[in-house]
Amino acid sequence: MKSAVVVFPGLNRDRDMVTALEKIGGTPPVVVWHKDAELPDVDLIVIPGGFSYGDYLRAGAIAARSPMMDTIRERAEKGVHVLGVCNGFQILTEAGLLPGVLMRNASLKFVCKEVKLSVANANTPFSKEYASGQVFRCPIAHHDGNYFADAETLKSIEDNGQVVFRYAEDTNPNGSINDIAGITNAKGNVLGMMPHPENLIEPAHGGEDGRGIFAGLLGPVNTYG
Amino acid sequence: MKARVIVTLKNGVLDPQGQAIEGSLVGQGFEGVQSVRQGKVFDLELEAADALAAETEIRRMCEKLLANTVIENFDIEIIG
Amino acid sequence: MKARVIVTLKNGVLDPQGQAIEGSLVGQGFEGVQSVRQGKVFDLELEAADALAAETEIRRMCEKLLANTVIENFDIEIIG
Amino acid sequence: MTIPNEPQITPQLVADHGLKPEEYQKILDLIGREPSFTELGIFSAMWNEHCSYKSSKKWLKTLPTKGPRVLQGPGENAGVVDIGDGQAVVFKMESHNHPSFIEPYQGAATGVGGILRDVFTMGARPIAAMNALRFGEPDHEKTKHLVSGVVAGVGGYGNSFGVPTVGGEVQFDARYNGNILVNAFAAGLADADKIFLSEAKGVGLPVVYLGAKTGRDGVGGATMASAEFGDDIEEKRPTVQVGDPFTEKRLLEACLELMATGAVIAIQDMGAAGLTCSAVEMGAKGDLGVELNLDAVPVREENMTAYEMMLSESQERMLMVLHPEKEAEARAVFEKWELDFATVGKTTDDLRFRVLWQGTEVANLPIKELGDEAPEYDRPWVAPTVPAPIAPDAVPQMDVADAVLGLLNSANHSSRRWVYEQYDTLIQGNSLQTPGGDAGVVRVEGHPQKALAFSSDVNPRYCEADPYEGGKQAVAECWRNLIATGAEPLAATDNLNFGNPERPEIMGQIVHAIKGIGEACTALEFPIVSGNVSLYNETNGRGILPTPTIAGVGLIPDHKHMARKGFATEGDAILLIGAPEGWGTHLGQSAYLRDLHGRREGTAPHVDLDAEKATGHFVLSLIREGTATAVHDLSDGGLGLGLAEMAIAGKIGATIDAADGNPVAAFFGEDQNRYLVTVRAEDAEKVIASAPVSAVRIGKTGGESLKLGAARAISVADLAAAYEGWFPAFMGATIN
Ligand SMILES: Nc1ncnc2c1ncn2[C@@H]1O[C@H](COP(=O)(O)OP(=O)(O)O)[C@@H](O)[C@H]1O
Ligand SMILES: [Mg+2]
Chain A
0 MKSAVVVFPG LNRDRDMVTA LEKIGGTPPV VVWHKDAELP DVDLIVIPGG FSYGDYLRAG
60 AIAARSPMMD TIRERAEKGV HVLGVCNGFQ ILTEAGLLPG VLMRNASLKF VCKEVKLSVA
120 NANTPFSKEY ASGQVFRCPI AHHDGNYFAD AETLKSIEDN GQVVFRYAED TNPNGSINDI
180 AGITNAKGNV LGMMPHPENL IEPAHGGEDG RGIFAGLLGP VNTYG
Chain B
0 MKARVIVTLK NGVLDPQGQA IEGSLVGQGF EGVQSVRQGK VFDLELEAAD ALAAETEIRR
60 MCEKLLANTV IENFDIEIIG
Chain C
0 MKARVIVTLK NGVLDPQGQA IEGSLVGQGF EGVQSVRQGK VFDLELEAAD ALAAETEIRR
60 MCEKLLANTV IENFDIEIIG
Chain D
0 MTIPNEPQIT PQLVADHGLK PEEYQKILDL IGREPSFTEL GIFSAMWNEH CSYKSSKKWL
60 KTLPTKGPRV LQGPGENAGV VDIGDGQAVV FKMESHNHPS FIEPYQGAAT GVGGILRDVF
120 TMGARPIAAM NALRFGEPDH EKTKHLVSGV VAGVGGYGNS FGVPTVGGEV QFDARYNGNI
180 LVNAFAAGLA DADKIFLSEA KGVGLPVVYL GAKTGRDGVG GATMASAEFG DDIEEKRPTV
240 QVGDPFTEKR LLEACLELMA TGAVIAIQDM GAAGLTCSAV EMGAKGDLGV ELNLDAVPVR
300 EENMTAYEMM LSESQERMLM VLHPEKEAEA RAVFEKWELD FATVGKTTDD LRFRVLWQGT
360 EVANLPIKEL GDEAPEYDRP WVAPTVPAPI APDAVPQMDV ADAVLGLLNS ANHSSRRWVY
420 EQYDTLIQGN SLQTPGGDAG VVRVEGHPQK ALAFSSDVNP RYCEADPYEG GKQAVAECWR
480 NLIATGAEPL AATDNLNFGN PERPEIMGQI VHAIKGIGEA CTALEFPIVS GNVSLYNETN
540 GRGILPTPTI AGVGLIPDHK HMARKGFATE GDAILLIGAP EGWGTHLGQS AYLRDLHGRR
600 EGTAPHVDLD AEKATGHFVL SLIREGTATA VHDLSDGGLG LGLAEMAIAG KIGATIDAAD
660 GNPVAAFFGE DQNRYLVTVR AEDAEKVIAS APVSAVRIGK TGGESLKLGA ARAISVADLA
720 AAYEGWFPAF MGATIN
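These protein sequences, in sequence, are chains A, B, C and D. Counting along the first sequence from 1, when you hit position 126 you're at 125 in numbering that gives the first Met the number 0, and nothing is skipped either side. Counting along the second sequence from 1, when you hit position 45 you're at 44 in numbering that gives the first Met the number 0, and nothing is skipped either side. Counting along the third sequence from 1, when you hit position 61 you're at 60 in numbering that gives the first Met the number 0, and nothing is skipped either side. Counting along the fourth sequence from 1, when you hit position 239 you're at 238 in numbering that gives the first Met the number 0, and nothing is skipped either side.
Treat each hint with caution, since some may be false.
[Stated by the list, open to error] In silico EDC-like pairs for lysine to aspartate or glutamate, Cα to Cα no more than 16 Å straight-line:
id, chain 1, residue 1, chain 2, residue 2
1, C, LYS39, C, GLU71
2, D, LYS19, D, GLU501
3, A, LYS34, D, ASP294
4, A, LYS186, A, ASP158
5, B, LYS39, C, ASP42
6, B, LYS9, C, ASP42
7, B, LYS63, C, GLU30
8, C, LYS39, B, GLU71
9, A, LYS112, D, GLU723
Simulated from the structure, these hints should not be mistaken for laboratory data. As the structure is a prediction and not an experimental result, all values here were calculated from the model.
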């Protein structure tokens, strides 16, 4: 499976993501600069974490209005898988590829620590390596991860099984409504999540709980390095 | 031409910043405070034929970037 | 009583946010944009005897919390 | 010559620039005429304490700065140390004390930005950061606001830039009420043969300005950083600089990309006194003149004067000398990252520093003398008076269990989780030990086994009582913390924070602290490769505690053999290594006395450097051979606090024998060069027998509570609650 990591200025977990995709998938992803003329033909497009354009204005807002996002939107409509982690999630919501918004953490503070996630829907390409209801560890590092959607939107994403990951065991770190940590679009081929599975994929990270997300998408190739 | 845009959260949309500030103000002894909502202001300078043209242009900027219209309202004031 | 507080950066203080927004607007074809400065707005509801009392109280809130008076100015408008 | 002289130079103006009358006379003698206003500004920037180290130079020269692994010692933007396999670690620590007191968020943020720039200016990608913070007493009216703002600022910049913060310090003491300390450390990784320096080479080459535009930020900032605070502090406010981590991140990527093209001959970041210091340094180091044309400088404000441009401290800017034939390639890199790129001058062969502005020459000064002839003082000093030792029967007694809980729940010894959870500690995916252990550890990217350890330490209470022993102890504690993770300590950087050096007693502290640091660094083979001095930390005549922060770097050859402080398994033997008879004896200046009894008495503990070295090497061997299951160094709070921290971190209890002598001395004495090491029960005898230093088995791990000798057992849950409780309760729901 071929993957690409899209980089906007200010993103800073692009290297972490490239490493994770390479270690788990066996081949390195194509790294695409947002102004590159072409987004290669890939099966998985990843928007990694960071602070695109400093997260000035609103997290992800400026990157979401770039021409590259129009290209990604077209690919998503054709069924290509898109994964947005942290800032990637914020960009996808700002670009309208995912419903709702990510607001400032309820504590108003940046928070980096480990939380527990439970799998609310194991029937997505992103979560199929996990069992429904399974609880796993995952690190977070963000300032604006407080997921919010109006009542109607919330009901529809809940009813459609679009909520894929929730903060579990009282570890909601940011005030997200319904403990939402990750959601897909209605079609199920675009996932956004605040936690960083790419930072928990090998023994040196203290665990491998995050591998499943990539293994499900890339096929489980085991290469530690 | 100068203009000021004020972007505020729609009614019913959660405002974690406003809430935290409210709590902090009350905690600091400002007991009369009943509610705080936080928004943004943008002071723009731009070239435009006239006030109307400026306003039309700024409205488009708000819709395209300055406001997230899913959760925010905006107000434009042309200062001249 | 309702009031609106507008907090803006003092002249000359770097505004990285405003700069990034300006760059994005120009990039999206709003070529007339010459400068953008970003500030904050707070919409307050509070109990106060009258407008003057409200303003005095809000001024203290600004100095203590709402504005960073080292780099920001504030403006208070009592709405009623 | 057409140097305009507006405004008139008056004695007042000279004084406002922080120049003494005799220093001004030196300027007159040097240039043979009255300086222009811009020139006066240039001199004030070059000759202030911050840039010229005029009070400390004489003593700094005595520090050991060489070693087999040192590739670059002090004098460049950061020190460079060889870590083998063609790689090098580049690091430095720097203070941003005054700006952080005035505007805590921006002050701390720009402090982090400055130190990161120092590291990537040398061609290294930053891989770790630390921050050593000192605040006033917790209930001082400003403290919470300062803590909240500084921590948010450190995080706001470092998180967005994308460097993991792996360690630091936070302490509270009334002596910092009017002068907090914000010392920021950064380390980066580079190829040992691709280090970039600031020395310009070649005549007639373009001097290029890169990064953000110039505004009036911090005009007068470097001068401010060297001035004592008085009551007119409010007036100094508008010089605050605002940090832009988004621009810095792009500047990092652009610089590294540019360096890879081979276009860069010399590079210097614009830190304090911006364009002035960077241009003069590049020229002077290379024995070249520099001519700047200010009309080409990218500005973001209108009507900026030459004076303002030369002294602006706008952040996220660099100056480079480039190979002319690569200029187009270089420009393309910067355009890709949407950063300003402007040729603002050229190197010359006349050894003059010439500044042109709007068609006039506003400065024409001898470039070498600007730096070399800066005043250097041998300031009078008096040897510090060392307090009398505290008599054993003057030590207040207290229940050992209560004392442990009291320390765990105190301002200075509680968990710093509230702070470091606001920092991204995981980014880059190489963090092997995040804050909370003895040292932060990150893997060396591109190498399968290697890792680097980082720690920052000083005990200002000891330094106040005895600057010489305190200086030694700061080095020893840092060294010990690195050892405790399994690292071989490589080298250190220092950040010397003191009061007004014009007072002989303060100068005496500086002299003695440097002497102690130097001796310890020599004995422990732990050279100082970079550093920073921050003086005049006084308000209304009251100085801070002498605070020479030491930050060190260690190398772990194989991170399979890395130690952590948490108890690892039940039933392990707990060994106390390097301790005197009775386990602990020294209560002078201890945490026990100050934080539980409000008393600051006695002498600082003595560091026996030979014993320190022997103990450290022995502990390191236990880690390397895989015998140690957990390791923790002992510092303030002594054995009692050390055991509690190991229990909390490992979520395993322990039972400790009763000490022979006085339990308060045994559990809370702060004798130096001690470690706690756990080993499998069956290994204990062998380890004790092989120890070249004292090693005693004091108990074993296991169970759900910690029992210290005859004292009541405390559940690990209660220990953790006390430890984790203080900071969140103190800060409450503060917002910046
Ligand atoms: N400002 C800070 N930023 C990050 N980590 C910190 C900070 N302050 C303290 N820490 C971490 O908390 C732990 C305890 O600090 P400290 O008591 O100073 O350690 P030690 O006694 O081992 O020198 C260490 O791991 C340290 O790195
Ligand atoms: Mg330690």
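Index of numbered hints that the structure contradicts, given in increasing order = 3
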